[in-house]
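Just need the whole structure built from these sequences, with the hints factored in.
In the working numbering, the protein residues as written are 2 to 392.
Be aware that a few hints might be false.
What the hints assert, rightly or not - Result set (DSSO-like, lysine-lysine): computed pairs, CA atoms no more than 27 Å apart in a straight line:
1. K3 to K267
2. K3 to K254
3. K267 to K368
Keep in mind the hints are simulated off the structure, nothing from the lab. Values in this document were obtained by computation on a predicted structure and should not be read as measured data.
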Amino acid sequence: MKILHTADWHVGRTIRGRSRADEHRAVLAEIVEVATRRQVDLVIVAGDQFDVQAPSPEAEQIVWKAMQDLAAVAPVVAIAGNHDNPRRLEAVRQLLAANAIHAVGSMRRPDDGGVVRVEAADGTPVNVAMLPFLHHRAAVRAADLLDSDKADGEYGAQYAGLYARFTEGLCRDMDPAELNVLVGHVTAFGGLRGGGEREAHTIERYCVDPRAFPQVLDYVALGHLHVAQQVGSAPPVRYAGAPLMMDFGESDKPCSATIAELELGKPVRTEEVPLVTGRPLRTLRGTLEEVMSVDVPDDDPWLRVLLTGAVPAGVADTVRDRLGEHVVDVRLDTRTDDLQVDATERIGRPPQELFAAFLEERQIEDKRIPELFAELLEDELGLEEGSHAAA
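Okay, here's the thing in structure tokens:
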């Protein structure tokens, strides 16, 4: 049984307001090409097909076309992630099923769509349990959530315990003499985050132990973390990673899809197949003079520019004029701790003096900026005096 495992498409994601729709079309077409070329028996999409719960018509068209194209190669199994709207996915389950796409938005019993049976081209069956993303409020009793005395670790243990019970329930009737797979969207302890994940859904209270998955499973296909990686070995627990770089924090992590080959009685063989059609995300860091001397790389990247040293007003426009539409973010590099000022040093000092100190620390020398600040301050103080008089 040869499986293509992908996840975290995040179709609809923009980068600083710029559309990435064309990138998504290209990379999903690349995934379809991989599935076709490698003659896979099953495609797994482990959640976060969309970036938001109310996707645009364009985003929906991109996702459903990709799903349909994949289903023309092999049956597709898909679950909802934390970015997806589970009710929207449930609403189209029957339509998708008519096209060999088995989708689950909310947790279901094994006999009600929670487990599906798929056959490879040679007739080899595989049982696939589907466990979509579980919000904490849906997995833990409301009374416990109202208990403010509980630490995150206690909540996490409760969530992890419930998650383990759910996986056991889904897999209880699986036959160890057959191939068995579970698809989930969750954070496993030991997993490396890419930087573009939603912070609230990767903290400790949402983590599970990769050793807690039932031993009857031959492979656990996860989504949620954007870095392709294996976090457990018995059974193998693996993240496919995102097909596009989603954030500048992921800029040094290669994008890929995973091919997993399962055979009874033998170790699972996995391979990360590189995906190369997305635009890379790169950071340029240096003085304005250094940045202005750089040529745009040939791989057509999105660029974030972090400037050090003194900069004039309007520097963002200057950088964009030089580097073009590749630049999506220009800001001062504030990594140094030298800019921290104790609150007691600010007490009693006039705003103009504090602002002048700020400009000096940031090495901003444009004379127009203090003048504009003085005008804004005067306007603000005038408004305050007027409101006091009216009172």
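Results of checking the hints against the structure:
1. K3 to K267: Cα-Cα ~13 Å, so holds.
2. K3 to K254: holds, 25 Å
3. K267 to K368: violated, 71 Å
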